[in-house]
Each structure stands twice: as C-alpha cells, then as structure tokens.
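S.K.: Listed below, chain by chain, are the residues.
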Amino acid sequence: MWARALWLGLRAPLGGPRCFTSKTDPQGSGRITAEVIEHLERLALVDFGSREAVARLEKAIAFADLLRAVDTDGVEPMESVLEDRCLYLRSDNVVEGNCADELLQNSHRVVEEYFVAPPGNIPLPKLDEQEPFPHS
Amino acid sequence: MAAPMLRWGCRGRRWALAWVDGGSCHRRGAPTGSTSNRIRGQSSLAQQPLRTAQKPRKGEHKWAAVVGLEIHAQISSNSKLFSGSQVRFSAPPNSLVSFFDASLPGTLPVLNRRCVEAAVMTGLALNCHINKKSLFDRKHYFYADLPAGYQITQQRLPIAVNGSLTYGISAGKERGQVIPKTVRVKQIQLEQDSGKSLHDDLRSQTLVDLNRAGVGLLEVVLEPDLSCGEEAATAVRELQLILQALGTSQANMADYEIQRQISELENGGEILNETRSFHEKLGCTVSMRDKEAKQDYRFMPEPNLPPLLLYDATSLPTDADPQQVINIDQIREMLPELPSVTRERLVQQYGMLPEHSFTLLNEVGLLEFFQNVIKETRAEPKKVTSWVLNIFLGYLKQENLAVSESPVTPSALAELLDLLDSRTISSSAAKQVFEELWKREGKTPGQIVSEKQLELMQDRGALEQFCYSVMKDHPQVVMDVKKGNPRAINKLIGLVRKATLNRADPAVIKEILEKQLSL
Chain G
1333 MWARALWLGL RAPLGGPRCF TSKTDPQGSG RITAEVIEHL ERLALVDFGS
1383 REAVARLEKA IAFADLLRAV DTDGVEPMES VLEDRCLYLR SDNVVEGNCA
1433 DELLQNSHRV VEEYFVAPPG NIPLPKLDEQ EPFPHS
Chain Z
267 MAAPMLRWGC RGRRWALAWV DGGSCHRRGA PTGSTSNRIR GQSSLAQQPL
317 RTAQKPRKGE HKWAAVVGLE IHAQISSNSK LFSGSQVRFS APPNSLVSFF
367 DASLPGTLPV LNRRCVEAAV MTGLALNCHI NKKSLFDRKH YFYADLPAGY
417 QITQQRLPIA VNGSLTYGIS AGKERGQVIP KTVRVKQIQL EQDSGKSLHD
467 DLRSQTLVDL NRAGVGLLEV VLEPDLSCGE EAATAVRELQ LILQALGTSQ
517 ANMADYEIQR QISELENGGE ILNETRSFHE KLGCTVSMRD KEAKQDYRFM
567 PEPNLPPLLL YDATSLPTDA DPQQVINIDQ IREMLPELPS VTRERLVQQY
617 GMLPEHSFTL LNEVGLLEFF QNVIKETRAE PKKVTSWVLN IFLGYLKQEN
667 LAVSESPVTP SALAELLDLL DSRTISSSAA KQVFEELWKR EGKTPGQIVS
717 EKQLELMQDR GALEQFCYSV MKDHPQVVMD VKKGNPRAIN KLIGLVRKAT
767 LNRADPAVIK EILEKQLSL
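Heads up: the sequence lines are chains G and Z, in that order.
Position one of the first sequence corresponds to residue 1333 (our numbering), numbered consecutively onward.
Position one of the second sequence corresponds to residue 267 (our numbering), numbered consecutively onward.
For the record, the hints were derived by calculation from the structure and aren't laboratory data.
Since the model is a prediction, treat every value here as computed from it, not as a measurement.
Using N, Cα and C, we set each Cβ at its ideal position, and we do this for glycine too.
To be clear about the criterion: a stretch of chain Z counts as covered by chain G if any three or more of its residues have a C-beta under 8 Å from a C-beta of chain G, and this derived list gives those stretches:
id: 1; segment: 337–349
id: 2; segment: 359–365
id: 3; segment: 370–382
id: 4; segment: 401–413
id: 5; segment: 461–470
Label-pair ranges, simulated between beta-carbon atoms:
id: 6; chain 1: Z; residue 1: Val630; chain 2: G; residue 2: Asn1425; range: 27 to 33 Å
id: 7; chain 1: G; residue 1: Arg1441; chain 2: Z; residue 2: Asn393; range: 47 to 53 Å
id: 8; chain 1: G; residue 1: Cys1418; chain 2: Z; residue 2: Arg611; range: 37 to 43 Å
id: 9; chain 1: G; residue 1: Asn1425; chain 2: Z; residue 2: Arg469; range: 37 to 43 Å
id: 10; chain 1: Z; residue 1: Pro583; chain 2: G; residue 2: Ser1423; range: 15 to 21 Å
id: 11; chain 1: Z; residue 1: Lys641; chain 2: G; residue 2: Glu1434; range: 52 to 58 Å
id: 12; chain 1: G; residue 1: Pro1409; chain 2: Z; residue 2: Thr448; range: 33 to 39 Å
id: 13; chain 1: Z; residue 1: Glu665; chain 2: G; residue 2: Cys1418; range: 55 to 61 Å
id: 14; chain 1: G; residue 1: Pro1450; chain 2: Z; residue 2: Pro602; range: 43 to 49 Å
Given these sequences and hints, build the entire structure.
M.R.: Okay, structure coming up:
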C-alpha cells in the first residue's frame, strides 16, 4: 500500500524548522497544505522533515488517483481479499498467557511487573511555534 | 467527540442504583485527575455530544436536551476476544497476556465463539436485527495501553442494529404506577478492551498492565432518545439487569464509582466548564483527550479477519461443523427469561404492584430470597411481598447489607410467617420476633416465641374475662367510648393488652370489647 511505502521512506531526521509553504490548490491537483501535514504527523506520528518528503507524498497521491479512471458504479467494494474464506471460531478455552517475564524482557523500562511508558500522550508543538520536534 | 454539554430538564429523585460514566472521555484523563487509580468497573459509559432539538414556537426558540449513550460491557467469557489468554478480574500484572495481546509481530487475531454468541444473545434480547454478515475494522489511536496502536472493532457493519430497550419510570405521586419508556438501540458491536494505565505523576511515568487488553466488549449504542439524567440512569440500570439475566456480562460497578458518576451526570454543566477551561489553557487539541473533535481514527477493514457470517435454521449449511457455525434461531430458543417478563409474571402470579416487581429485581438476590420464602410458607403471597419489601429490606438498608449477608434466612422468615398466618402470634409479636432473629443468636422463630411467651391467647373465654374486668375497672373510659370518643376504645384495647401481657390479638380484643359494649 502506498501509505506504508510512504512511511518507510520518511525516516529522515529533522534538519531544522519546516520551510515549505504549500498552498491549497482549488483545482485539486494534489497540493498538500501545511495543516494536512500537521494533521497527518499528529495522527500517524510520521515525520515529514523536508519539502522533498511532501513532494513524494503528493506524487504518491497522484499515483493512487489513477484508480479513479476505473468506473466502479454499481459495483460492491471488496472489503477483504479474504471475503470467500471462512472465519474460524475458537472455543472459549484458556490456552495462553502466564508469560509476563518473557514479555517484560521486550520493554526498555520495567517497574515491578509493569511496562513503563511516558506520562500520557505528549502533545506535538504547533506549527507556528517553530520548535524542533521531540525525538524519543 | 467534544466534551458533552448537558442541561437537565427534569430534576428527578436520585436513582440509588444508577451509574453513568464520564466514561471513555475521561478514561484517558490525567487532566481531570479523577481516573488515576480508579477501579474500572466492568461496564462504562461515554456520553455522546449533546444533540439539541430545536422546536421553534412563534418566534420563541425552545431547546430540548437529548442524551445519547454508548455503553461498554465486558463479556463474561473464559478467554479474550481474539486470543486464548484468560479473562479474570484480578491477577498479577501482565500475567494474563498472550503474545497477540502484547501486539508482538507475527501474531494474528482468532475470534472467540463465546463472544459472538454473547453478542447475538444480547442483540436478540434488545429486539435487534442481527446482521448475518458483519465486519471487523481497525480504529487507530496512540496510547500506551493499546500496544497495537489500533483497536479491532466493528464500525462499518456491526453484528446487531436497530433494537429497543424498554424501561420503567416511577410515576412518583401514585405509588405502584410505572410508566414504560423506550430508547432505541442504534447498534451493538464487538470490540477489544484496552489495557490499564496507572499514572505516576510523581515520577512522570505511566505503568501499563495489559491483563485487560483484548478482553471482549459489547458496545451498546443508544440513540439520543433520553431526555434527562433519571431516564438515562434507569435505562442503563435495565440494560444491566438484562445483561446479568442473559449471563453475557456481570455488569458490575464499584459502589463509590456509582455515586461519583451520578454526581458527575447531575452536574453535567459544571464538568463541561472545567474541561473547557483546561482545554483552552493548554491550547492543545488532540493530545490528552483522544476523543476530541479533531481525532481521526483512520478506520480501515481488519485485513486479518474475513467477514463474520451467522446462520439461521433456514440458511444453515447441512454439512457444517457445528463448532464452526452459529445458528441465530438456536440461540433465540435458549434465551432465558428477561427482567421485563419476570416482572410481569410476578405481578400476575402474586398480585403485587408493578413497583414491587421493580424493587424485587433491582436488589441483588432479593428475588431469589422472595421465591424461597414463598416456597416454604403457607402465608399469602401478598403478606410475603409486604414483609420482604418493607420489613426485611428495611433492616438490610439500615445496616447497608446485601441480601447474601442477611442474618435471617428464607426458611426462618417462612417459619415466622407461618406462625403469623396460623394466628399463633400477633403482627406486632411477629415484628418483635424478627428483631430477635436479626441478632444472629441462632434461635428459630419458634424458640423465640416460646422463650418470650409471645403466643396469642387461644382461650377466647379467658380473653372475654379480661375485657370485662378491664371495663369494670375503668368506668370513665367506658363512658368516653359510649359518648362517641373514637380514641377511647384504643385506650381500652391498650389496657387489655397490658393485662394479657401482650398475648392477645388487638383486633380480637377490639371485637370483644365492641360486642360487650354493644356497639
């Protein structure tokens, strides 16, 4: 999926305050506004560090738009490639669990038998604050 | 969703057993400070944003408050919705967690049959249309107790839709009158629960326990047909009773949580203001409260699960493995008696008022107690109803005891009522005996009666003699009676009772006196 490809391609570290100035294009030719970028970053925790990244995103959207060329009027959308498969139903028995030690080994920090996480969700600073983005 | 704005049109009396949650809105709530260490009950609610209905009237606008509710009930099952780890209320942290629950790479969801049956049963009990095909989706948001970064839910096509929940509001003035009201059920969907976060503000960290992550939930979405707090609380209470009767959810909530949430709901307006100002101070939109308006859950179909197909008697494939198919008709046949039917039966069978049937069902264990007494006693059902609902329940409430903690067993009460019914003791003596029974001294009603000599005099002749001598000793009072003073006869009755050491039935005394006075 193009979204995943996009994500994988955008691991570049931040090089300073953002400087792109996209404007909304009323014709819908695929220009992405700063608000949309900010929204995506907040939602998916991706990091659009540069103008190139945004351009790549716009190209990806244009590529996906090719799908619109196909006439799908009156056709039921396919929700899943598994739609003809049978959904297996498991009996309600306890067969797993009791592996706290193994699971906790994956955690960077542990307190007693709890995973440790930062306190709540840390808000991303707003676009106009011009601060470097926090990297965890 | 935005923090809800609620304006209550009716100030009803508090419904003691109601519980409404600031719910999922506050679940993430470090800011409100109210959820840090709370015990999350097995049911919680989230208030949907207020949708106001405008009713214009000749230049004057009238706004009516309406409330929509989403109720999450934890499914009673042995294992979780998509994995085989155990569902249990208390256990060492992270001990009931499988690799899938911890969202380790390479793990896949496998649907629990029992959870599907629970959803179908609940849908049928709420008169829903059961969708023979339903779909699973991913709902994405980031939080430490949601390791996958998404929750598997049923957003597009849930398992049940378009039902109704009927509940009864007390008429208030006229005792015994209950007005039936209905709220539409928009849908019921299966979804995963998240883990539990413990906020440690001192050390600026969050401790995460995933025992609850992946437990099956039934989300019941009600349409905004409720117009005040009392209606909402009553509807939810009825849903709780239904779920308990079906066995699909224990639907319990800690007592203090109940009280806290009643206040929250009844102070709806104040809570809104607090939240708003905090929100403005921070200037943030999505971070702390994931259900703010700007939140975009990026719903997508769950790629690892095919559609869920259900069958009925007509569509059931003949060669199917019974373990792998779910027959809606079969589940319908196995539905237990629902609370509304039980109440109707009680009214018909025992001649009690509707309000009594509500009380019997509302108190945990009370119906069973009542039925056990009925089984063992010869006394009339109305007598039993009165004693159980007034005296027995009164004593329980006074000491804040549950029915299960009662010092008086159904057998003991049955024996007491038999003594009363056979006129061995008077009504006031019976109350005395009950008081003694409550003291847990291990004596039976019969023993107490003989110890305290509470038996009614059986010898009518002796009683007549007592009446005669009392009247002889108090000519003035007799005169008052004959003059027509209505309270004078009570004085005579009292004197006779004293003379007989309270071993005579006041009603019989009165009868004899009146006869002797030729009234």
